[in-house]
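Undergrad: Take a look at the letters that make up each chain.
2 protein chains.
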Amino acid sequence: MMVVISYDVSTETADGKKRLRKVAKACESHAQRVQNSVFEADLDYSSFMKLKGELLKIMNKDTDSMRFYYLGNHWQRKVEHFGIKKGYNPEGTIIV
Amino acid sequence: MMVVISYDVSTETADGKKRLRKVAKACESHAQRVQNSVFEADLDYSSFMKLKGELLKIMNKDTDSMRFYYLGNHWQRKVEHFGIKKGYNPEGTIIV
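For the protein sequence lines, the chains are Z and X, in the order given. Counting along the first sequence from 1, when you hit position 70 you're at 58 in the working numbering, and nothing is skipped either side. Counting along the second sequence from 1, when you hit position 19 you're at 7 in the working numbering, and nothing is skipped either side.
Treat each hint with caution, since some may be false.
List of simulated lysine-lysine pairs, BS3-like, C-alpha gap at most 30 Å [stated by the list, open to error]:
#, chain 1, residue 1, chain 2, residue 2
1, Z, Lys38, X, Lys66
2, X, Lys74, Z, Lys45
3, Z, Lys73, X, Lys66
4, X, Lys5, Z, Lys73
5, X, Lys66, Z, Lys6
6, X, Lys6, Z, Lys6
7, X, Lys49, Z, Lys5
8, X, Lys73, Z, Lys13
9, X, Lys73, Z, Lys74
To give a feel for the contact side, a few chain X residues facing chain Z, derived at Cβ under 8 Å [as the list claims (entries may be wrong)]:
#, residue
10, Ser(-6)
11, Gln23
12, Leu44
13, Lys49
14, Tyr57
15, Lys66
16, Gly71
These are calculated hints, taken from the structure and not from any lab test. For clarity, every value in this text was computed on a predicted model and none was experimentally measured. Every residue, glycine too, gets a C-beta built ideally from N, C-alpha and C.
Work the whole structure out from these sequences, hints included.
TA: Here it is, written out as structure tokens:
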């Protein structure tokens, strides 16, 4: 199933930047980073639940916001992209 | 139908900040801002197509990225939220 993960964190603080890097790192082998704070994970249910548990441990629930959008298995026609496509490395730096 | 709109723009430049404000403004009466750069629009097809046209005119396709996720009509169970819920005003400032 495809799940879109959007993570709203202030990167104006060092701690916020660190949490975004950690989220990107946790997503490294399980999900694709499609925007600076948006990831897409195409996983089976149990793998996703494990990833979700990791992400919820990383985020600061008092300051950050995380949303999961469940697109299901037939997601290819449910996604549309415009503009540039960035490649991100797991450390969160944009690879141009 | 519910559409999630995620807009990746560098807000380190004045122009980027301006475009994000314009996107937020265009979404003002049609969609809800749920994160800094994520909006949810629950609209009929023609209203959405109009909004989409406006958004694509605002974005800079050479530097920004915009993704649309079509969640359909039965979207309530497809969205999950963790952490804070921010209220945003149309100018993009966080209302705490």
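Undergrad: Please name the hints from earlier in the document that this structure breaks, with their numbers sorted from lowest to highest.
TA: Of the numbered hints, all hold.
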